[in-house]
Amino acid sequence: MIQLKNVTFRYPRRKPLFSDLSLELEGNHIYGLLGKNGEGKTTLMKLMSGLLFAKEGSIETLGEKACLRRPKMLEEIYFLPEEMYVPSISIQEFETIFSPFYPRFSSEQFHNYMELFEITDFRQNLMRMSHGQKKKVLIAFAMATNCQIVFMDEPSNGLDIPSKSIFRKVMASAADEQRMIIISTHQVRDLHSLIDTILILDQGEILLNAPVEQITEKLLFKVVDTEGEAQTALYKEDTLRGIYAVFENINREDSKMDIELLFNSALCNRDKIKEIFSLQK
Amino acid sequence: MNELFSFHRIGILSQNTFLQNWKKDLRIFLCMMGGMTIWHLFRALLYGGYAPYYPVNFPVVITLICLASITFKKLANPSGGIMYLTLPASTFEKVLVSVFQVQVYYFLLVVVAGLLGYFFASYVFLPLFSFWHVDGVVSYIDCEHMGWLILMLTVGISAMLFASVYFVKRAFLWSLLLGIAVVFVTLWIDGAILSTKEDLSNYHFVLSHSAVKALFIMGCSFITLFFWFMTWLRLRETEV
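Each protein sequence line maps, in turn, to chains A and B.
Residue numbers for the first sequence, in our numbering: 1 to 281.
Residue numbers for the second sequence, in our numbering: 282 to 521.
Keep in mind that the hints were calculated from the coordinates and are not lab data.
Fair warning: this is a prediction, and the values are worked out from it, not measured in the lab.
Cβ atoms here follow ideal geometry from the backbone N, Cα and C, with glycine treated the same way.
Any given hint could turn out to be false.
To be verified - Beta-carbon label-pair distances, calculated as ranges:
| no. | chain 1 | residue 1 | chain 2 | residue 2 | range |
| --- | --- | --- | --- | --- | --- |
| 1 | A | Lys256 | B | Phe288 | 29 to 39 Å |
| 2 | B | Phe288 | A | Thr96 | 33 to 43 Å |
| 3 | B | Met499 | A | Ser130 | 51 to 61 Å |
| 4 | A | Asp196 | B | Phe373 | 33 to 43 Å |
| 5 | A | Gly132 | B | Phe465 | 50 to 60 Å |
| 6 | A | Pro103 | B | Leu454 | 26 to 36 Å |
| 7 | A | Glu108 | B | Cys312 | 53 to 63 Å |
| 8 | A | Arg123 | B | Val342 | 37 to 47 Å |
| 9 | B | Leu327 | A | Asn157 | 53 to 63 Å |
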């Protein structure tokens, strides 16, 4: 669905953000795009959606060159930015004037999602709503477009606790074989049950691109009691229960992945992680 | 599907543009009408009651120039730019709708507002001052003169449209400077190269009035098309 080949990108008068980056993303996945501040998560999503142009290399989204921004491609992608822009119109008007652009938009789904988010008055002006409410409207709209690719930049920022649970429910129901959802987030605990493939961006390259099953197959997440036991850990953190550590899963034990722990261990052991997941060049 | 042009997409893009902006457009219309009422009253007082009507006058020109210079203002805001650039329509369609919005829709909106302002001034307020003589409404319009004005205004608006997409930040200021530059270049070309006087010592091209008019029309058309093309090119290359 999305192919990046030898992509190089830099902002004017800054050092390159990506050099010779190659990546392939497929449908039927919910990708969690992780990275430190300023690593280029939002930039990467903008490159894939044609909002930014690579200086070198090629980016194809749904078989089209992303930079051309053809209607055929744009009808099948939806970009939900972290800072949203909403016109000064009601929710009903927003649905009326924006839904015709998306051939597979479902009004029924939009209304269902809005009901889940407990927003029932469609006469409300979008500009006068709170940040969280605007976000709920745009999330509901994004999922109701039934686009093949949905980019979400920090979607759970600004959502209250019950809404985060509803958001997970909406996303889980919207995921299907034809669809790809890419979520850039720091709030991994909000979305850990949703994401099925982890993408970690670090120092301008993809440090990790693996499904959750593969990660739990190759890495072991467990709590150990002593420092001695944690000596071979790739990464460890002291917790009240003991030392929470990540090990190479030599014995193929089962464990539950902790995304934050995974992220920190990946950053601390870049070469080892690449070796384990065979990303060495 | 035609990737470059689709009547269906033009229709929904036009609907999108109109419905997003209708409240703002209504405010512009009402303000323009009120402003033009005052303007015509002022002119009537200045000219001793005789105030011939010009559909394209100074306030109309300024208003249209201002509106054209902020056509792509949404691109200045990253999230607004994201929403606009990811709208499923080709760049050509987006420019076409913007050109129609500024060069036709806003032109009609502002001129009609001006005409209504003239009506209010001439038939509602001025009669209150019975000692003022009111010239007939639209009694005389110099069509040829008006035609040249509209032609030049079209060029100016197209330049401002380009400036609004090229100078995303402080669009109005840079658009104004560009507009002034276009006017000066046009005047220079007229003064330095073209002439209807048979004064060969100043090495002017000696042309008949008809030839000058034809050249002027061709030149204005070419410049307008050039700026529309540049608007399309620039929007195509816009990143956010």
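Evaluation of the provided hints:
{"no.": "1", "hint": "Lys256(A) to Phe288(B): 29 to 39 Å", "result": "violated, 55 Å"}
{"no.": "2", "hint": "Phe288(B) to Thr96(A): 33 to 43 Å", "result": "violated, 19 Å"}
{"no.": "3", "hint": "Met499(B) to Ser130(A): 51 to 61 Å", "result": "holds, 56 Å"}
{"no.": "4", "hint": "Asp196(A) to Phe373(B): 33 to 43 Å", "result": "holds, 39 Å"}
{"no.": "5", "hint": "Gly132(A) to Phe465(B): 50 to 60 Å", "result": "holds, 52 Å"}
{"no.": "6", "hint": "Pro103(A) to Leu454(B): 26 to 36 Å", "result": "violated, 41 Å"}
{"no.": "7", "hint": "Glu108(A) to Cys312(B): 53 to 63 Å", "result": "violated, 42 Å"}
{"no.": "8", "hint": "Arg123(A) to Val342(B): 37 to 47 Å", "result": "holds, 39 Å"}
{"no.": "9", "hint": "Leu327(B) to Asn157(A): 53 to 63 Å", "result": "holds, 59 Å"}
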